[in-house]
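Q: What follows is the residue order along each chain.
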Amino acid sequence: MDQLPALPALPDEAVVLGARAGSWREAVELAGGALAASGATDAGYAVDMVRMIEEHGPYVVVAPGLALAHARPGPAVRRDGLAIVTLAEPVPFGHPYNDPVRVVLALAGASSARHLQLVAEIANIFNDSDAVERLAQAASADEVREILGVPAA
Amino acid sequence: MKILTLCGAGIGTSGILKVNAERVLQRLGIDARVVAIDVSMLESELDDAQVILTGPEFVDAIGSTFADVVVVENYFDTAELQRKLELALG
Numbered sequence: 048m049d050q051l052p053a054l055p056a057l058p059d060e061a062v063v064l065g066a067r068a069g070s071w072r073e074a075v076e077l078a079g080g081a082l083a084a085s086g087a088t089d090a091g092y093a094v095d096m097v098r099m100i101e102e103h104g105p106y107v108v109v110a111p112g113l114a115l116a117h118a119r120p121g122p123a124v125r126r127d128g129l130a131i132v133t134l135a136e137p138v139p140f141g142h143p144y145n146d147p148v149r150v151v152l153a154l155a156g157a158s159s160a161r162h163l164q165l166v167a168e169i170a171n172i173f174n175d176s177d178a179v180e181r182l183a184q185a186a187s188a189d190e191v192r193e194i195l196g197v198p199a200a
Numbered sequence: 582m583k584i585l586t587l588c589g590a591g592i593g594t595s596g597i598l599k600v601n602a603e604r605v606l607q608r609l610g611i612d613a614r615v616v617a618i619d620v621s622m623l624e625s626e627l628d629d630a631q632v633i634l635t636g637p638e639f640v641d642a643i644g645s646t647f648a649d650v651v652v653v654e655n656y657f658d659t660a661e662l663q664r665k666l667e668l669a670l671g
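Which chain is which? The protein sequence lines are A and E, in order.
Take the first sequence: its letters are residues 48 to 200, numbered as in my numbering.
Take the second sequence: its letters are residues 582 to 671, numbered as in my numbering.
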């Protein structure tokens, strides 16, 4: 068994359902706010996640309707963290294939190696499945945790 | 054989492409080393790479190369990845 659990816990503070965002930036900032509220990161991590998209484009929209917001490990990351924001109205990120976004999954890893492990786990959840659709429809944090297979604490 | 997966930080979306490419390669019985990189590592890693998997945003950054540049649409769709890898390697 691995020493670390597959994915970090997802406390209620890290889940925001049916949020309203007027732009991709607001959507990512909401997810960053949820990460900070859960204690995984400082508020600055949201700024780092926005900057990644400003620098490299909307490449974080990795599948139809899903944005995987993240930034590099650094001083703003206190520990591994996960946050989920679902959007009441889908928001375009400017991606050629996968717009508009309905679910933002924000990820923070305490190290680059750990971050890679976490995205591998996330791939297992979303591969060949309707996980994005189910997350978009989720009505409670418990339901989100069940879809992702993560605990509340 | 070496396959690169390329993204902004080298630890996020390229990591997804890496695990899914490894999964597909195993299915196809192809022996390859898959390396997740960011744009700053391109120059040092590009020389002996046969295929680069990435999103549409990074094609321009790659520039001219002998490697096959494969643009992935849905990073979680291993069927798409398999189809495109078979085409690039076949």
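Incorrect hints may appear among the rest.
As the list claims (entries may be wrong) - Partial selection, computed: residues in chain E whose CB lies under 7 Å from chain A:
| id | residue |
| --- | --- |
| 1 | Ala590 |
| 2 | Thr594 |
| 3 | Pro637 |
| 4 | Val640 |
| 5 | Asp641 |
For the record, the hints were derived by calculation from the structure and aren't laboratory data.
All C-beta atoms, glycine included, are put in the ideal place defined by N, C-alpha and C.
Q: Going through the earlier hints one by one, which of them does the structure break, listed in rising order?
A: 4, 5
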